[in-house]
Every structure is written in C-alpha cells, then in structure tokens.
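Enquirer: Please model the complete structure; the sequences and the hints are all you need to start from.
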Amino acid sequence: MENKTRYYQTFLENRGQLNEIELGEEIGLDEDETRKIIVQLLSEHKIEYIENNHCHYIPKKGKRRSL
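Offset between the sequence shown (1-based) and our numbering: plus 18.
Derived by calculation from the structure, the hints in this document are not laboratory data.
Just to be clear, a hint being listed does not mean it is correct.
Unchecked claim - Here are the computed lysine to aspartate or glutamate pairs in the DMTMM-like style, where the Cα-Cα straight-line distance is at most 25 Å:
| id | residue 1 | residue 2 |
| --- | --- | --- |
| 1 | K79 | E66 |
| 2 | K78 | E44 |
| 3 | K78 | E49 |
| 4 | K54 | E20 |
| 5 | K64 | E20 |
| 6 | K54 | E40 |
| 7 | K54 | E31 |
| 8 | K79 | E20 |
| 9 | K22 | E69 |
| 10 | K22 | E62 |
| 11 | K54 | E43 |
| 12 | K78 | E20 |
| 13 | K64 | E31 |
| 14 | K22 | E43 |
| 15 | K79 | E62 |
| 16 | K78 | E31 |
| 17 | K22 | E40 |
Remember, predicted model here, so these are calculated numbers, not experimental data.
Expert: Put into structure tokens, the structure is as follows:
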C-alpha cells in the first residue's frame, strides 16, 4: 500500500515525463512491482491507458484524490 501511494503521488507529479516503468525505478520499484501497482490503479479507476504518449497512462479526470 505504501508503494502504491508513493507511486501514485510521483505519477501525478511526473506529468508524463517518464514512462510508467522508469517512474517506478525512480522510486526504487522493480518492473514487476510497478506493473502490479498499475493494475491496482487501473482497477480503482485512478488512471487510464492511452496510446501514443511517452507514458502510457494518465490520471482519470476527477480522480486526483489521495489513496
């Protein structure tokens, strides 16, 4: 849970500068842990998948609340 909270906060601050895996590595997560967190955030409708962007995920509009 702590990693998910850290990742999501960093994700919001990142604004698409790093891709989702690089972002996880920035805060000390491996690729598997990062992908698990992404799946959780997708299932909670906090982020959504998009194509043709450096980072393949964006925050859902109206969902920028804390975990």
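Enquirer: Work down the list of hints and note, for each, if the structure agrees.
Expert: Here is what the structure says about each hint:
no.	hint	result
1	K79 <-> E66	9 Å, holds
2	K78 <-> E44	22 Å, holds
3	K78 <-> E49	22 Å, holds
4	K54 <-> E20	13 Å, holds
5	K64 <-> E20	16 Å, holds
6	K54 <-> E40	14 Å, holds
7	K54 <-> E31	20 Å, holds
8	K79 <-> E20	23 Å, holds
9	K22 <-> E69	23 Å, holds
10	K22 <-> E62	12 Å, holds
11	K54 <-> E43	14 Å, holds
12	K78 <-> E20	21 Å, holds
13	K64 <-> E31	14 Å, holds
14	K22 <-> E43	13 Å, holds
15	K79 <-> E62	13 Å, holds
16	K78 <-> E31	14 Å, holds
17	K22 <-> E40	15 Å, holds
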